[in-house]
Amino acid sequence: MGAANSLAALTGFLMTLTLASSFIIVGARRLGSAIRGAVVQAVLLAAVTAVRGWSTGVGEMYLAAGLTLIVKAGLIPYILHKVEVRVGSCPGVKSYVNMKMSFVTCAGLIILSYSATARLVEPGIGVVERALPTAVAMMLIGLFLMMTRKLAINQVVGLLVMENGIFLAAVGATNGMPPVVEVGVFLDVLAGVLIMGILAFRINRAFDTINTEDLRNLRG
Amino acid sequence: MFTFSNILFLVTVGLLLLGGLLSVLTFGRPRLSIISGFTSAAAASLAGVALGLSVLIGGQQVNLVLPWALVDNSLSFAVGPLAGFFIIVISVVSLAVSIFSFGYAAEYAGKHNVGLMGLLYNLFILAMICLTASGNSLLFLFFWELMALTSYLLVVFEHGDSRVRQAGFIYVVMTHLGTMFIVLAFLLLYREAGSFNFARYAAVGPGLPVALKTTIFLLVTVGFGTKAGIIPLHIWLPKAHPAAPGNVSALMSGVMLKTAIYGFIKIVFDVLGGGPAWWGVLILVLGVISALLGVMYALMEHDIKRLLAYHSVENIGIILLGLGASLIFLAYGNRALAMLGLAAALFHVFNHAVFKALLFLGAGSVHVATRTRDMEKMGGLLKRMPWTGFFFLIGSISISALPPFNGFVSEYLTFQSLLQLASAHLGPALSVLGPVAGAGLALTGALAAACFVKAFGIQFLAMPRSSNAERAREVAVSMRLGMGLLALICFVAGVMPASVTRLLDPVTRALLGVSTTPALGGYRWLQAAASPGGGPKVAPLALLLVLTIVTFVLYMFNRLYGKGMAVRRTETWNCGTDLAPNMEYTATAFSKPIRIIFKRIFLPQREIETDYVLKPYFTAEIRYRGSIKPVFEDALYRPTTRWFVKLSDKIRLLQSGSIHLYLAYIFVTLVVLLVFAR
Chain A
113 MGAANSLAAL
123 TGFLMTLTLA
133 SSFIIVGARR
143 LGSAIRGAVV
153 QAVLLAAVTA
163 VRGWSTGVGE
173 MYLAAGLTLI
183 VKAGLIPYIL
193 HKVEVRVGSC
203 PGVKSYVNMK
213 MSFVTCAGLI
223 ILSYSATARL
233 VEPGIGVVER
243 ALPTAVAMML
253 IGLFLMMTRK
263 LAINQVVGLL
273 VMENGIFLAA
283 VGATNGMPPV
293 VEVGVFLDVL
303 AGVLIMGILA
313 FRINRAFDTI
323 NTEDLRNLRG
Chain B
26 MFTFSNILFL
36 VTVGLLLLGG
46 LLSVLTFGRP
56 RLSIISGFTS
66 AAAASLAGVA
76 LGLSVLIGGQ
86 QVNLVLPWAL
96 VDNSLSFAVG
106 PLAGFFIIVI
116 SVVSLAVSIF
126 SFGYAAEYAG
136 KHNVGLMGLL
146 YNLFILAMIC
156 LTASGNSLLF
166 LFFWELMALT
176 SYLLVVFEHG
186 DSRVRQAGFI
196 YVVMTHLGTM
206 FIVLAFLLLY
216 REAGSFNFAR
226 YAAVGPGLPV
236 ALKTTIFLLV
246 TVGFGTKAGI
256 IPLHIWLPKA
266 HPAAPGNVSA
276 LMSGVMLKTA
286 IYGFIKIVFD
296 VLGGGPAWWG
306 VLILVLGVIS
316 ALLGVMYALM
326 EHDIKRLLAY
336 HSVENIGIIL
346 LGLGASLIFL
356 AYGNRALAML
366 GLAAALFHVF
376 NHAVFKALLF
386 LGAGSVHVAT
396 RTRDMEKMGG
406 LLKRMPWTGF
416 FFLIGSISIS
426 ALPPFNGFVS
436 EYLTFQSLLQ
446 LASAHLGPAL
456 SVLGPVAGAG
466 LALTGALAAA
476 CFVKAFGIQF
486 LAMPRSSNAE
496 RAREVAVSMR
506 LGMGLLALIC
516 FVAGVMPASV
526 TRLLDPVTRA
536 LLGVSTTPAL
546 GGYRWLQAAA
556 SPGGGPKVAP
566 LALLLVLTIV
576 TFVLYMFNRL
586 YGKGMAVRRT
596 ETWNCGTDLA
606 PNMEYTATAF
616 SKPIRIIFKR
626 IFLPQREIET
636 DYVLKPYFTA
646 EIRYRGSIKP
656 VFEDALYRPT
666 TRWFVKLSDK
676 IRLLQSGSIH
686 LYLAYIFVTL
696 VVLLVFAR
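In the order they appear, the protein sequences are chains A and B. Every number in our numbering is 112 more than the matching position in the first sequence, counting from 1. Every number in our numbering is 25 more than the matching position in the second sequence, counting from 1.
Hints may be right or wrong, so weigh each one.
[To be verified] Examples of chain A residues toward chain B, derived with CB under 10 Å:
| hint | residue |
| --- | --- |
| 1 | Y208 |
| 2 | M211 |
| 3 | S227 |
| 4 | A228 |
| 5 | T229 |
| 6 | M251 |
| 7 | L252 |
| 8 | F256 |
| 9 | R261 |
| 10 | T286 |
[To be verified] Quick list of the computed label-pair ranges, beta carbon to beta carbon:
| hint | chain 1 | residue 1 | chain 2 | residue 2 | range |
| --- | --- | --- | --- | --- | --- |
| 11 | A | D300 | B | W93 | 56 to 62 Å |
| 12 | A | D300 | B | Q191 | 44 to 50 Å |
| 13 | B | V697 | A | L299 | 32 to 38 Å |
| 14 | A | M213 | B | A660 | 39 to 45 Å |
| 15 | B | L209 | A | S145 | 39 to 45 Å |
| 16 | B | W668 | A | L232 | 27 to 33 Å |
| 17 | B | V697 | A | F135 | 22 to 28 Å |
No lab work stands behind these hints, which were simulated from the structure alone. Ideal Cβ placement from N, Cα and C applies to all residues, glycine included.
With the sequences and hints as input, model every part of the structure.
Spelled out as structure tokens, the structure:
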């Protein structure tokens with residue numbers, strides 16, 4: 113009983129850290145630090161998954177954790193880094209909303225997600241109670257990042273945060289999904305990031321910038 | 026499963042698919058492509074005629090349930106008597122048009138992709154036959170849209186011309202607008218019937234509340250009316266028909282419009298089982314307006330294909346007259362007279378299909394020979410193209426409703442059903458309406474005759490008005506064969522109307538429970554009566570006999586007392602100058618009296634510019650430009666389009682082109698939903 117309790121506490125703590133790591137990305141001043149923030153978040157997510165695997169005894173969770181580590185903390189940041197290098201020197205993160213306002217908004221989003229999910233889960237039913245608001249908050253923060261950041265690579269990072277949120281919800285709410293689904297999800301994200309990476313590269317070649325603001329010119 | 030009718034249906038469909046496929050596969054070799062594509066189409070049409078006859082005469086209906094289902098319905102083909110009759114109409118016309126196309130499509134070889142034309146042509150016929158054969162409204166809509174799409178692609182076949190593209194655009198917009206109303210009607214019926222099957226529709230249809238029935242009736246009237254081209258929904262017709270290749274306009278005007286009439290009869294008679302008397306009055310009034318305005322606008326046209334397109338509006342109006350009268354009688358429970366109106370309408374469907382296809386093929390031949398559609402540039406073609414001229418004349422007499430051709434018979438029946446409205450004691454309003462509509466039909470017939478005196482006279486008689494007309498040569502044998510077949514049918518249906526009214530027997534029995542024979546008479550008499558034996562009669566065969574005898578007597582009289590038919594050939598005296606084409610009566614001049622009589626309707630505008638050598642008596646050049654006001658475009662369509670364009674401009678503000686703004690829409694929606702959705 114004691115062990116299970118402390119495991120639940122550990123899971124909750126790791127989840128909070130995962131959510132907190134979003135703020136590294138929100139607060140990043142350069143592209144490189146934003147990508148590093150994504151790596152930190154992916155590592156924490158893998159840790160959450162592994163602990164969940166331990167506490168539920170579902171073997172597939174370890175597989176999911178491993179995949180998270182390889183794909184989200186390894187492969188995707190590597191691709192993003194490559195694109196960043198190919199595109200050339202990027203002068204910091206460009207945003208429509210300044211840093212302070214971003215922090216305040218994201219804090220507001222967390223409050224919103226807690227109040228919204230409170231209606232859905234009864235208190236005291238386990239990990240879901242912590243996982244769901246955290247996950248929703250991460251999705252909203254990811255969307256907010258995609259919405260406000262001007263550079264294409266930064267939007268990919270926003271997408272990653274959203275995706276991490278969805279993954280967290282799955283890990284927290286279920287006792288492990290079938291491996292087929294997990295592998296499928298990872299391939300999905302990987303393909304998505306690859307395509308967006310290539311697109312960002314192409315946008316850069318066509319417009320000499322990866323600032324998506326300039327895509328407006330395409331409108332007929 | 027494998028009854029005779031079913032097999033014929035499968036053969037028809039299979040041949041059409043095969044023809045399309047072969048045609049497109051061999052597009053690199055135009056001759057082969059034309060032969061394979063149109064031979065299959067002709068063979069399929071023959072199978073289609075056999076299928077229709079097997080359903081109508083053999084009484085063996087098609088019933089094919091497809092092995093897969095959509096939504097909760099099994100998809101099925103079901104050819105009853107009504108569908109059988111329309112399949113005959115479609116097949117007869119497509120047979121003649123396919124034969125015509127051997128020669129006609131050869132004109133396109135090398136310039137356009139005839140393989141593509143063969144594919145679309147076959148698919149177009151396939152869509153029309155399958156939509157009439159559909160036993161299920163989803164399948165019906167699928168083929169309805171296939172028909173719209175293939176015909177659109179055929180309309181814009183010569184897409185190099187911007188006017189053709191514009192005509193195609195208007196067509197595709199109008200036809201989709203119409204389809205929307207049909208879909209709504211079908212969905213309303215689905216809600217009541219719980220199935221998309223027409224049989225289920227028909228089971229619940231008659232018992233629906235009147236308000237719902239009226240809604241469905243109005244929806245199908247607008248929906249099918251758009252395709253049929255009733256005024257004021259007709260504007261696409263005079264644009265699309267001239268733009269399409271000749272063989273395609275013949276199919277579109279001859280049979281595609283009729284599929285809309287099929288849909289209307291299917292829903293209003295078969296499914297809803299008729300309704301209040303004012304439905305019939307509405308259809309009757311729409312019919313009179315379409316018939317009169319159609320023929321009037323036709324008179325003002327000098328582009329031969331536009332002229333014919335307006336005549337399609339007119340003839341759809343005449344068909345609606347019969348249907349309207351039938352609906353009124355049905356509302357009063359007089360099924361025998363309702364049969365008369367319905368039979369008149371269906372007969373006219375057949376007749377119009379045949380003679381309008383004939384006229385469009387004639388116009389196509391003239392276009393091939395002279396490279397123009399402007400009548401003012403033709404003239405003297407009868408000497409150069411005697412066969413085409415002869416067949417066009419037969420078509421002209423038929424459409425002018427003169428004996429001994431088929432137009433006369435069906436318009437006579439329509440007249441009778443309108444006059445029966447007066448004598449059936451249905452109340453004073455209807456007693457007046459019937460004869461008034463009859464008078465409208467009479468005026469329509471007279472104006473149509475005037476119009477075809479103009480069309481035939483200006484095109485084929487007198488001297489050529491341009492060098493193109495002078496160089497015109499008779500068209501290929503296959504084209505003459507196609508026209509000849511239709512001309513023959515015009516004649517046979519005209520002198521032996523019983524051959525068609527007998528075919529209609531199962532149709533009226535299925536829809537109204539009343540038989541056409543002997544009420545409509547047999548081969549000797551054509552009669553229009555509620556009871557066998559009574560009512561006014563006319564004898565087409567005897568009429569033919571009288572006509573032959575009178576002609577013979579006149580000929581003999583001339584022979585004996587005239588100067589023995591000796592022709593003295595000499596120059597026409599022309600005040601001392603040579604005869605020149607510009608002295609001829611023009612089409613514009615011919616229609617001038619009618620333009621003056623009906624100037625309140627046409628609102629004609631004209632400009633005259635004169636250049637003088639020496640004022641005021643010596644003119645160098647006079648330019649005349651006349652036009653009539655496009656009332657419906659100006660009053661109805663332009664304001665509506667302007668309004669929509671304005672609205673769209675406002676909505677377009679949402680589409681800024683910024684990814685961030687699009688994401689913001691999602692973000693805001695999400696947050697608002699999270700906050701407020703409970």
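Worksheet item: Taking the CB of M213 of chain A and the CB of A660 of chain B, does the distance hold inside 39 to 45 Å?
Response: Cβ of M213 of chain A to Cβ of A660 of chain B: about 55 Å, so the range 39 to 45 Å is violated.
Worksheet entry | Interface hint status, T286 of chain A versus chain B (Cβ within 10 Å) | violated, 22 Å
Discussion item. Take the shortest C-beta to C-beta distance between M251 of chain A and chain B; is it under 10 Å?
Written reply: holds, 8 Å
Fill in: Given hint L252 of chain A near chain B, where the shortest CB pair must fall under 10 Å
It holds, given that the least Cβ distance between L252 of chain A and chain B is near 7 Å, below 10 Å.
Worksheet item: Could one say that the CB atoms of D300 of chain A and Q191 of chain B fall in the range 44 to 50 Å?
Response: At 45 Å between Cβs, range holds.
Worksheet item: Is 56 to 62 Å a correct range for the gap between the Cβ atoms of D300 of chain A and W93 of chain B?
Response: violated, 31 Å
Worksheet item: At a threshold of 10 Å, is the proposed contact between Y208 of chain A and chain B supported by beta-carbon distances?
Response: Nearest chain B Cβ about 7 Å off; hint holds.
Practice prompt. Classify the hint on T229 of chain A as holds or violated, based on whether any CB of chain B lies nearer than 10 Å to its CB.
Written response: With a closest approach of 9 Å, the T229 of chain A hint holds.
Discussion item. S227 of chain A was flagged as interface toward chain B. Is the shortest Cβ-Cβ separation under 10 Å?
Written reply: holds, 8 Å
Worksheet item: Quick one, is the F256 of chain A hint okay against chain B at 10 Å, beta carbons?
Response: holds, 6 Å
Worksheet entry | chain B contact restraint for M211 of chain A - C-beta distance below 10 Å | violated, 17 Å
Worksheet item: If you check the beta carbons of L209 of chain B and S145 of chain A, does the distance land in 39 to 45 Å?
Response: 57 Å Cβ-Cβ, so the 39 to 45 Å window is violated.
Violated hints, listed in ascending order, are 2, 10, 11, 14, 15 and 16; each of the other numbered hints is respected by the structure.
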